[in-house]
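Visitor: Protein sequences appear in the order of chains G and A.
Going letter by letter, the first sequence gives residues 3 to 480 in the numbering used here.
Going letter by letter, the second sequence gives residues 3 to 480 in the numbering used here.
Hints in this document: simulated from the structure, not taken from any laboratory.
Here the structure is a predicted model, which is why all the values come from computation and not from measurement.
It is possible that some hints are incorrect.
Each pair may be met inside one copy or between any two copies, as identical chains are not told apart.
[Claimed, not checked] Simulated pairs of lysine-lysine, DSS-like, Cα-Cα distance not exceeding 27 Å: (1) Lys419 to Lys336; (2) Lys336 to Lys59; (3) Lys468 to Lys391; (4) Lys122 to Lys336; (5) Lys391 to Lys297; (6) Lys122 to Lys297; (7) Lys101 to Lys148; (8) Lys324 to Lys59; (9) Lys374 to Lys336; (10) Lys238 to Lys391; (11) Lys297 to Lys148; (12) Lys391 to Lys122; (13) Lys391 to Lys403; (14) Lys122 to Lys374; (15) Lys122 to Lys148; (16) Lys148 to Lys374; (17) Lys59 to Lys6; (18) Lys238 to Lys439; (19) Lys59 to Lys400; (20) Lys238 to Lys419; (21) Lys403 to Lys446; (22) Lys122 to Lys324; (23) Lys324 to Lys238; (24) Lys122 to Lys6; (25) Lys302 to Lys148; (26) Lys439 to Lys336; (27) Lys59 to Lys403; (28) Lys324 to Lys439; (29) Lys439 to Lys374.
Number of protein chains: 2
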Amino acid sequence: MAEKLVARSVDFNEWYNTLVLAADLADYGPARGTMIVKPYGWALWENIQGALDRRFKATGHMNAGFPMFIPYSFLQREAKHVEGFSPELALVTHAGGEKLDEPLVVRPTSETLIGHAFSKWVQSYRDLPILLNLWNSVVRWELRTKLFLRTTEFYWQEGHTAHATWAEADFETRQMLDVYTDFAVNEAAIPVIPGEKSEGERFAGADQTLCIEAMMGDGRALQSGTSHNLGQNFAKAFDIQYLDPNNIQQHVWTTSWGLSTRFIGAIIMTHGDDNGLIMPPRLAPYQVVMVPIYKKEEEKSAVLAAVQRMQAELVEAGVRVKVDDRDNLTPGFKYNDWELRGVPLRMEIGPRDVANNVVMLARRDIPGRDGKQSVSQENIAQGVPALLKTIQADMLAKATKFRDDHTYEATTYDEFKEWVQSGFVRAWWAGNNADEKQVQTETKATHRCYPLDQPGGEGICFFTGKRATRQAIFARAY
Amino acid sequence: MAEKLVARSVDFNEWYNTLVLAADLADYGPARGTMIVKPYGWALWENIQGALDRRFKATGHMNAGFPMFIPYSFLQREAKHVEGFSPELALVTHAGGEKLDEPLVVRPTSETLIGHAFSKWVQSYRDLPILLNLWNSVVRWELRTKLFLRTTEFYWQEGHTAHATWAEADFETRQMLDVYTDFAVNEAAIPVIPGEKSEGERFAGADQTLCIEAMMGDGRALQSGTSHNLGQNFAKAFDIQYLDPNNIQQHVWTTSWGLSTRFIGAIIMTHGDDNGLIMPPRLAPYQVVMVPIYKKEEEKSAVLAAVQRMQAELVEAGVRVKVDDRDNLTPGFKYNDWELRGVPLRMEIGPRDVANNVVMLARRDIPGRDGKQSVSQENIAQGVPALLKTIQADMLAKATKFRDDHTYEATTYDEFKEWVQSGFVRAWWAGNNADEKQVQTETKATHRCYPLDQPGGEGICFFTGKRATRQAIFARAY
Numbered sequence: 003m004a005e006k007l008v009a010r011s012v013d014f015n016e017w018y019n020t021l022v023l024a025a026d027l028a029d030y031g032p033a034r035g036t037m038i039v040k041p042y043g044w045a046l047w048e049n050i051q052g053a054l055d056r057r058f059k060a061t062g063h064m065n066a067g068f069p070m071f072i073p074y075s076f077l078q079r080e081a082k083h084v085e086g087f088s089p090e091l092a093l094v095t096h097a098g099g100e101k102l103d104e105p106l107v108v109r110p111t112s113e114t115l116i117g118h119a120f121s122k123w124v125q126s127y128r129d130l131p132i133l134l135n136l137w138n139s140v141v142r143w144e145l146r147t148k149l150f151l152r153t154t155e156f157y158w159q160e161g162h163t164a165h166a167t168w169a170e171a172d173f174e175t176r177q178m179l180d181v182y183t184d185f186a187v188n189e190a191a192i193p194v195i196p197g198e199k200s201e202g203e204r205f206a207g208a209d210q211t212l213c214i215e216a217m218m219g220d221g222r223a224l225q226s227g228t229s230h231n232l233g234q235n236f237a238k239a240f241d242i243q244y245l246d247p248n249n250i251q252q253h254v255w256t257t258s259w260g261l262s263t264r265f266i267g268a269i270i271m272t273h274g275d276d277n278g279l280i281m282p283p284r285l286a287p288y289q290v291v292m293v294p295i296y297k298k299e300e301e302k303s304a305v306l307a308a309v310q311r312m313q314a315e316l317v318e319a320g321v322r323v324k325v326d327d328r329d330n331l332t333p334g335f336k337y338n339d340w341e342l343r344g345v346p347l348r349m350e351i352g353p354r355d356v357a358n359n360v361v362m363l364a365r366r367d368i369p370g371r372d373g374k375q376s377v378s379q380e381n382i383a384q385g386v387p388a389l390l391k392t393i394q395a396d397m398l399a400k401a402t403k404f405r406d407d408h409t410y411e412a413t414t415y416d417e418f419k420e421w422v423q424s425g426f427v428r429a430w431w432a433g434n435n436a437d438e439k440q441v442q443t444e445t446k447a448t449h450r451c452y453p454l455d456q457p458g459g460e461g462i463c464f465f466t467g468k469r470a471t472r473q474a475i476f477a478r479a480y
Numbered sequence: 003m004a005e006k007l008v009a010r011s012v013d014f015n016e017w018y019n020t021l022v023l024a025a026d027l028a029d030y031g032p033a034r035g036t037m038i039v040k041p042y043g044w045a046l047w048e049n050i051q052g053a054l055d056r057r058f059k060a061t062g063h064m065n066a067g068f069p070m071f072i073p074y075s076f077l078q079r080e081a082k083h084v085e086g087f088s089p090e091l092a093l094v095t096h097a098g099g100e101k102l103d104e105p106l107v108v109r110p111t112s113e114t115l116i117g118h119a120f121s122k123w124v125q126s127y128r129d130l131p132i133l134l135n136l137w138n139s140v141v142r143w144e145l146r147t148k149l150f151l152r153t154t155e156f157y158w159q160e161g162h163t164a165h166a167t168w169a170e171a172d173f174e175t176r177q178m179l180d181v182y183t184d185f186a187v188n189e190a191a192i193p194v195i196p197g198e199k200s201e202g203e204r205f206a207g208a209d210q211t212l213c214i215e216a217m218m219g220d221g222r223a224l225q226s227g228t229s230h231n232l233g234q235n236f237a238k239a240f241d242i243q244y245l246d247p248n249n250i251q252q253h254v255w256t257t258s259w260g261l262s263t264r265f266i267g268a269i270i271m272t273h274g275d276d277n278g279l280i281m282p283p284r285l286a287p288y289q290v291v292m293v294p295i296y297k298k299e300e301e302k303s304a305v306l307a308a309v310q311r312m313q314a315e316l317v318e319a320g321v322r323v324k325v326d327d328r329d330n331l332t333p334g335f336k337y338n339d340w341e342l343r344g345v346p347l348r349m350e351i352g353p354r355d356v357a358n359n360v361v362m363l364a365r366r367d368i369p370g371r372d373g374k375q376s377v378s379q380e381n382i383a384q385g386v387p388a389l390l391k392t393i394q395a396d397m398l399a400k401a402t403k404f405r406d407d408h409t410y411e412a413t414t415y416d417e418f419k420e421w422v423q424s425g426f427v428r429a430w431w432a433g434n435n436a437d438e439k440q441v442q443t444e445t446k447a448t449h450r451c452y453p454l455d456q457p458g459g460e461g462i463c464f465f466t467g468k469r470a471t472r473q474a475i476f477a478r479a480y
């Protein structure tokens, strides 16, 4: 707690790694590459889960629980799928004291199990659509660990749906991308760009992968959620067929979509500053921290009485409040500690505030005097929620301005090479998979997406010189 | 759906196995012993989670996320722990295309990982208590699978806490047993008996195991939740020490407590009848199902209008409502289908009900005409929640009467042998572990617990003839 952070501008990577530990979000597990999400980090994840789960249910999905173990042969049924995931698999070979006849894969994702189940559950067009979501963890063996961004096991949700027609699957794929976009923008204050992945960046087994891309505080991109149209690839691999209204057997069309604890990394790197985290109020574990200030015993009782009264009013108004009444720490230490943890609003209250019936509010997103104001204790039940809304909106505006200030339109490869080192480059693109690889080798930047929002018309590809019908966004990425 | 169930009284075991599948609660996964919890079953689990999570947070606990992989050597540090869990372990030996230096255990429970983490996190008495809970799944290799009761992987919560004194750990162990008891009685309408396990039935590594025991509809017992006082066993195995206020190093005292998807089995087997499930209203995924009845097109619009209006009123009143508007099924089929799934209250509405401004209510817990009443549509927003409360209370009363009617006090082994085949036997007990094993061999009944509620005084043990200070409950168990 209250450890000295390296400045974000000096060493972004070191700042991130120190902050995740210092702010008590997460810790390393003893098995290589594993992560412990500590209570403060998990509370953030619970709020993310709640905001997403509401949206999933509002669009007709129900949650389910699928096993973590997949027979190895299942992975092999979809050729691209096994090719994509093979290098990262963890295998259970022994159980109950015996060697297993066939190794079990610890799920890296559940399309194969879902395919197997859907083939049993779907008989008729009346059984469709199936709209499922799973909250679980998956395992993909990682050698270079970075908490929340790359760990051997990570937490996520994976949606899985089956439909009678391509059009319905296409609608679902886009609808869930809209859900992710709405969540990122309006809950996390992260102005993501919804787009489509190039062929080379698609999910292993998908016909189309849509994504949301976010810009981090160092100008790099972070893929923050994906939605896949799986076509009939898994339907054919797992023989998921239904009898249509004309009594003809048809293969279903499936989708899958996921968002993970990686998103916590996006929140940290989008909003954080030299003093630590800045939590968007709508997702913050604690929206308000109250710090009572007193020296003498008679001051203490008056201050704590006011704190308790205001705490009750705020809780009643639906505000998540933490009272820091630790009696072995100075107020200054507590300010630093809660700034590090990114609580959006601090309330300081001392004997003079009690006497004057006021309380000092300090905004986390505006450091120093500019973010402080003394307000009457009378209407905090209205004033604090309103101020939290303002903070939320200001954080989104600030992140949007930063993203726009660091997004460049390039027409030549020379411009591209220079600008892509400090942000997103948007440019006409007609290259293929090999071209993308060459760009990556020469600039370290990758094709992030074709944004759904396109200018229309045509342009000249900065790399191949060919006529292009779509612009792409490139960036160095996490 | 609507498959023919064998009567519960004819073959309880077959009734259970068929019902779990027919009611769409769960299915078998492809890997041996694994379970898919289907959306209807998962919605029940989510309501269980919500009811418990509120209670955990109200008693000061926070959730966290711990890895599923444990280095094999960790298990070996606590001697009784490894002895207890070794036969059931699943081992990851290969990952990322290579053989691992040390196998990883897929967690059977997380005391060892928690011990390792606490040893890093705890320095001073000011860091205590630590009050954590994890929602996850664990793996214990099972050869005889029974959905919800015995599967290789199951879902649960595991609480883990560390305290400065034995007294605090004891308080916590008892407090969480109280939480489980309150949950079982007041949310699930299951009149559990809180008690203490005998030495032979303790958790591997615990000084004391408390439990709640429930009686199923066939008179057998189901252990439905456990709370362990781990003493300093794990604190010493993992060197969890703190500096006390006098600057002396002390080992902490730890507890753990868990309740799993096994509890869904308890709900099924406590309340179900020949027609299927009966869900307690407070946990039911759907508390009310509305079945519109019509033949002609003009009837349909009037009926559906009334259904939608009442649905909106009930949702506004906080009732979980399902409207069954499938147009290819008869009302009679739907009645059977929702009876199978145990929805506590059915609302039937046809053209004549619309004309008379009434609606027919049918209670799931009282079959046939006795459970039906026609009521005015006017005040269903008050009437339905009140009726759900009555159903909840009646279900608890019925289960309590059944339990009491099947609980016997035995003073001789002959009485014991006869009565223990059809219910619980409560008797003075002074036997040891070997005596318990002999009773089990001869009667198939096991020592379930020493109930916390004791008559006081002394009695004569029915088996050893020794003087006993406590009564125990024995039963055949799941």
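Visitor: Hint by hint, which ones does this structure get wrong, listed from lowest number up?
Guide: 1, 3, 5, 6, 10, 11, 12, 14, 16, 17, 18, 19, 20, 23, 25, 26, 27, 28, 29
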